[in-house]
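Protein chains: 2
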Amino acid sequence: MRIEINQEKFSEIVARAQSTLERKSTRPILENILLQASDDEIILSATDLRVSLTQKTKCKVIESGSISVPGRKLNEIIREIPRGDVSVESKDNNWITISSGNSTFHIPGTASEEFPSFPTPPNNFIEVDPSSFDNMFTKTIFASSNDETRMYLCGVYLKEFKDEDDNSFLKVVATDGHRLSLIDTLLKNGLSLFSDGIIVPKKGVVEIKSIISTAGDSLEIACADGRIYVRSEDILLSVTLIDASFPNYSQVIPKQTGGGVLIACEPFKDALRRVSILSDQETRSVLVEIEGSVMKLYSDNPGMGDAEETLSVDYSGEPVKVAFNANYLMDILKVMDDEEMRMEVKDSLSPTLFIGTDKDSSFLSVVMPMRVD
Amino acid sequence: MRIEINQEKFSEIVARAQSTLERKSTRPILENILLQASDDEIILSATDLRVSLTQKTKCKVIESGSISVPGRKLNEIIREIPRGDVSVESKDNNWITISSGNSTFHIPGTASEEFPSFPTPPNNFIEVDPSSFDNMFTKTIFASSNDETRMYLCGVYLKEFKDEDDNSFLKVVATDGHRLSLIDTLLKNGLSLFSDGIIVPKKGVVEIKSIISTAGDSLEIACADGRIYVRSEDILLSVTLIDASFPNYSQVIPKQTGGGVLIACEPFKDALRRVSILSDQETRSVLVEIEGSVMKLYSDNPGMGDAEETLSVDYSGEPVKVAFNANYLMDILKVMDDEEMRMEVKDSLSPTLFIGTDKDSSFLSVVMPMRVD
Numbered sequence: 001m002r003i004e005i006n007q008e009k010f011s012e013i014v015a016r017a018q019s020t021l022e023r024k025s026t027r028p029i030l031e032n033i034l035l036q037a038s039d040d041e042i043i044l045s046a047t048d049l050r051v052s053l054t055q056k057t058k059c060k061v062i063e064s065g066s067i068s069v070p071g072r073k074l075n076e077i078i079r080e081i082p083r084g085d086v087s088v089e090s091k092d093n094n095w096i097t098i099s100s101g102n103s104t105f106h107i108p109g110t111a112s113e114e115f116p117s118f119p120t121p122p123n124n125f126i127e128v129d130p131s132s133f134d135n136m137f138t139k140t141i142f143a144s145s146n147d148e149t150r151m152y153l154c155g156v157y158l159k160e161f162k163d164e165d166d167n168s169f170l171k172v173v174a175t176d177g178h179r180l181s182l183i184d185t186l187l188k189n190g191l192s193l194f195s196d197g198i199i200v201p202k203k204g205v206v207e208i209k210s211i212i213s214t215a216g217d218s219l220e221i222a223c224a225d226g227r228i229y230v231r232s233e234d235i236l237l238s239v240t241l242i243d244a245s246f247p248n249y250s251q252v253i254p255k256q257t258g259g260g261v262l263i264a265c266e267p268f269k270d271a272l273r274r275v276s277i278l279s280d281q282e283t284r285s286v287l288v289e290i291e292g293s294v295m296k297l298y299s300d301n302p303g304m305g306d307a308e309e310t311l312s313v314d315y316s317g318e319p320v321k322v323a324f325n326a327n328y329l330m331d332i333l334k335v336m337d338d339e340e341m342r343m344e345v346k347d348s349l350s351p352t353l354f355i356g357t358d359k360d361s362s363f364l365s366v367v368m369p370m371r372v373d
Numbered sequence: 001m002r003i004e005i006n007q008e009k010f011s012e013i014v015a016r017a018q019s020t021l022e023r024k025s026t027r028p029i030l031e032n033i034l035l036q037a038s039d040d041e042i043i044l045s046a047t048d049l050r051v052s053l054t055q056k057t058k059c060k061v062i063e064s065g066s067i068s069v070p071g072r073k074l075n076e077i078i079r080e081i082p083r084g085d086v087s088v089e090s091k092d093n094n095w096i097t098i099s100s101g102n103s104t105f106h107i108p109g110t111a112s113e114e115f116p117s118f119p120t121p122p123n124n125f126i127e128v129d130p131s132s133f134d135n136m137f138t139k140t141i142f143a144s145s146n147d148e149t150r151m152y153l154c155g156v157y158l159k160e161f162k163d164e165d166d167n168s169f170l171k172v173v174a175t176d177g178h179r180l181s182l183i184d185t186l187l188k189n190g191l192s193l194f195s196d197g198i199i200v201p202k203k204g205v206v207e208i209k210s211i212i213s214t215a216g217d218s219l220e221i222a223c224a225d226g227r228i229y230v231r232s233e234d235i236l237l238s239v240t241l242i243d244a245s246f247p248n249y250s251q252v253i254p255k256q257t258g259g260g261v262l263i264a265c266e267p268f269k270d271a272l273r274r275v276s277i278l279s280d281q282e283t284r285s286v287l288v289e290i291e292g293s294v295m296k297l298y299s300d301n302p303g304m305g306d307a308e309e310t311l312s313v314d315y316s317g318e319p320v321k322v323a324f325n326a327n328y329l330m331d332i333l334k335v336m337d338d339e340e341m342r343m344e345v346k347d348s349l350s351p352t353l354f355i356g357t358d359k360d361s362s363f364l365s366v367v368m369p370m371r372v373d
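For the protein sequence lines, the chains are G and C, in the order given.
Residues in the first sequence are numbered consecutively from 1, following this note's numbering.
Residues in the second sequence are numbered consecutively from 1, following this note's numbering.
Be a bit skeptical, because a hint or two may be false.
As the list claims (entries may be wrong) - Okay, the calculated beta carbon distance ranges per label pair:
{"no.": "1", "chain 1": "C", "residue 1": "E164", "chain 2": "G", "residue 2": "W95", "range": "55 to 65 Å"}
{"no.": "2", "chain 1": "G", "residue 1": "R23", "chain 2": "C", "residue 2": "S350", "range": "49 to 59 Å"}
{"no.": "3", "chain 1": "G", "residue 1": "T283", "chain 2": "C", "residue 2": "N94", "range": "21 to 31 Å"}
{"no.": "4", "chain 1": "C", "residue 1": "G84", "chain 2": "G", "residue 2": "Q256", "range": "34 to 44 Å"}
To be verified - Calculated Cβ distances over 12 Å to all of chain C for the following chain G residues:
{"no.": "5", "residue": "D39"}
{"no.": "6", "residue": "F105"}
{"no.": "7", "residue": "G109"}
{"no.": "8", "residue": "E148"}
{"no.": "9", "residue": "K203"}
{"no.": "10", "residue": "A307"}
{"no.": "11", "residue": "S312"}
No lab work stands behind these hints, which were simulated from the structure alone.
All values reported here derive from a predicted model rather than from experimental measurement.
Idealized CB from N, CA, C, for every residue including glycine.
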C-alpha cells in the first residue's frame, strides 16, 4: 500500500478512529486502525468489537493495499507531522513508513487479515433529523446505569409507538433504578425501525452523538442483526445493541396531574449548586421544603456545616418536605432547555416528576426521593 | 467578628490564600485560613509552616475579631455565593455564618489562637524589578530536583556577585544533577540580600511567581532569619529557605568557546516533539547527529518503531553524535526567548552547553548526554 494524503484531512479521520478504540484492550489488534487503499480513496476502520467505525476519504493511491497500524502512535504522528502531503507506505514485513517534509517515521503494523471482520450494513437506511436524535440522547443518557451486573440498564431504550390519532412517536428512555428520564418525539414519517424497542449501550450513544456533532444535515439509520447502523456522508458506525428486555418502566412514572410546583430553572440550579457544597459527600442529600410560594433548600453535613437557600416558586398545594440526591436534580437542570420546569411531588417517599413547560414539555424525569430523617 | 465585604474582592483573596495551603495536611489547622478584622480592613493568612501568605483588603468591619476557617469550604462557598455584599460573622462557639442574598451557610471554625504564629518581617525591604525576577525563576526552576533526599537541589539558588568592573549581578541557578540552568542578571543597584547565596524551595518559587503575575510594577524583597519575604502592595509572602549549601556547580559548566552549533529554536522544538513520539517511554532518549550544516535527530523504541528528522544548522566543527533526554532539551526550548541558540558540544560524553544568542545570551543550560550504544 502506498498513498499520499493531506495532513489535515488525514489527521481528522485518524483522530476520530482513535477515539473509538479502547484505551487498553486485551487483544492488541483492537488497538489498531485498519487502512485500506484502492482506486482513489482510503478507508479507515476501528473497532472494539461492539462499536465499529468506518470512514473514507479521497487521496492519491499510488499502490492499492491494506495494513493495520497501532492507533495511538499513528494518531500522535499524524497530528505532529509537518503540514502538506503525507506519504504512507507499507512494506512486505508489515512495517509502515510515514513521511512528510524532513520527518520520517517507521512503525510496525499487522497484516490486514488479522483485523476483525466488520458487519455488512443492511440496505434499508432511513433518513432522520440529526438534531432531534441528538436531543433525545442528551435528555436521557445521564440517567442510564453504570452497573454492568444490570446490563439492560446500561444504555438508552428506543421504541416507536403510535398514539390514538395514529401519529408515530419515538420514545427514548433511560433509568438506573434511582431515577428515570424519558422523551417523546413526533416522527414525521414512521421509522418502523424501533417497533420492538432496542437498547443502545452508553458508549454507542456517545459515538452516535459524536458523529451527529459533525454530521451536518444528513444522518441515516438502519437496524439489523442486533445492531444499529448510523451513516453520515463518508462515516459509517455500527453499534451492537444490548441483547435484553428493557424493564417495564411505565409503572414507576406517576400519573401527571398538571399541577405541582413551578420552578425557574436558572435560580434553582444556582441555589442547588451552592447548597450542595455542604451536602454529604457520599449521599449528596439536599432537603427541599415547599410551603406556599417559598421553596427552601437545606444541606447538613455533620461536622462540616449546613447551608440554606430560599427561592420563590409558584405553588398552591399542601406544604411538603422531600430529600433528593443533588446530583440527580443537577443532571436534569443541565439538559432542561425551558426557563421553567414543573415538579410534581406527592410526599417525601413517592417518586417525584420533573417536566419541561414549553419546548421540553415532552421531556420528563422521575427521581426517587431519599429518606428524610 | 462581623464584616461585610464585596463578593468579588473577597473571592479573589480567599482563592489565593487557599492555593497556598496543602491539599491534605497532617495538622487540620493548616487547612484553615485565618481571618482577622479590625479598623476598616480584613487580613487573611494561610500557611503550610514553610510558605506563609498574608493579604489585606478594605471592608466594612461591624465587629472586630478573628477566627480561622476551613480553607477549601470557604473558597467553594465564597466562589458560588450570590454577587454583592457578603456578610461573615463568627459566633462564640467558633461557628461562622456566611450569607448573601437568599443564601446562608454555617461552618465550624477554630479559635484564632490555635492558628500558627507568623514570622515578623524585617524592615529592610528592597524594591526589585518584578519581570526580571520572574524571568530568572522561569529560566531555572525546571532544572531543580524533586528528590527530597537531596533537599539542597530541590530549589533555586540565588547569589549576588560583582564582576571585575564592580558591577553587581544576580546569579540564579538550579540543577538536579543531570542538567543545570543558570542566568545572570545585571542589578542596577546592589541588593546585598543574596551575598551569601540562598536556596528558595520550589513551592516558594511557584508562590513568588504567582504573586509577581498579579503584582503590577511594585515588588519588594527582604531576607532575614532563614526566610525570604516578598511584598507587593497588600500581599506579603514569607518562604523558609532551604538550610543547606548549594553544591559547587561551576565545575560542571564547560568553558564557553563561542563556537558550536547554531540552531533555530522553533524548527528544533517541532522536530524534537515529533521524533520523541517514538523515543523510549522511560529514558526519552533522542540521538543528535551533526555533520556540516545537517543535524539529524533519531529515536528508536524497540518494537514500537523509529523516527528521523533532518534540520539545517550552522556548524563547521568535527562531526559529532550525542544522545539526550528529549524532555531536558524541550524544557530549555520552552523558556528560550531567542530565535536561535548555540549548542556547544565536545563529544558524546561531556556535558553540553545550550546558550541564548541575543536577549538570552546570559541564560545557559548544561545537559549531561546519555550513553550512546
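Handout entry: Interface exclusion of S312/G relative to chain C, criterion Cβ beyond 12 Å
Key = violated (9 Å)
Handout entry: Given as non-interface: A307/G, which should sit over 12 Å from chain C by C-beta
Key = Check fails; 5 Å does not lie beyond 12 Å.
Exercise for the section: Return holds or violated for the Cβ distance of G84/C and Q256/G against the range 34 to 44 Å. Expected result: With a Cβ separation near 39 Å, G84/C and Q256/G satisfy 34 to 44 Å, so the hint holds.
Problem - Status of G109/G, Cβ more than 12 Å from any chain C Cβ - result: violated (10 Å)
Problem - E164/C versus W95/G beta-carbon gap, inside 55 to 65 Å or not - result: holds (60 Å)
Practice task
Could you tell me whether the CB distance from R23/G to S350/C stays inside 49 to 59 Å?
Solution key: For R23/G and S350/C the Cβ distance comes to about 42 Å; the hint is violated.
Handout entry: Range agreement (Cβ of N94/C with Cβ of T283/G, hint 21 to 31 Å)
Key = At 26 Å between Cβs, range holds.
Practice task
Examine each Cβ of chain C, and state whether all of them lie more than 12 Å from the Cβ of K203/G.
Solution key: It holds; K203/G is separated from chain C by about 27 Å at its closest Cβ, greater than 12 Å.
Handout entry: Reported absence of E148/G from the contact zone with chain C (all CB gaps over 12 Å)
Key = holds (31 Å)
Exercise for the section: Confirm or reject the statement that D39/G sits farther than 12 Å, beta carbon to beta carbon, from all of chain C. Expected result: Consistent with the label, D39/G stays out of reach of chain C, its closest Cβ about 29 Å off (over 12 Å).
Problem - 12 Å cut-off, C-beta based - F105/G kept clear of every residue in chain C - result: violated (5 Å)
In this structure, the hints that do not hold are numbers 2, 6, 7, 10, 11, in rising order.
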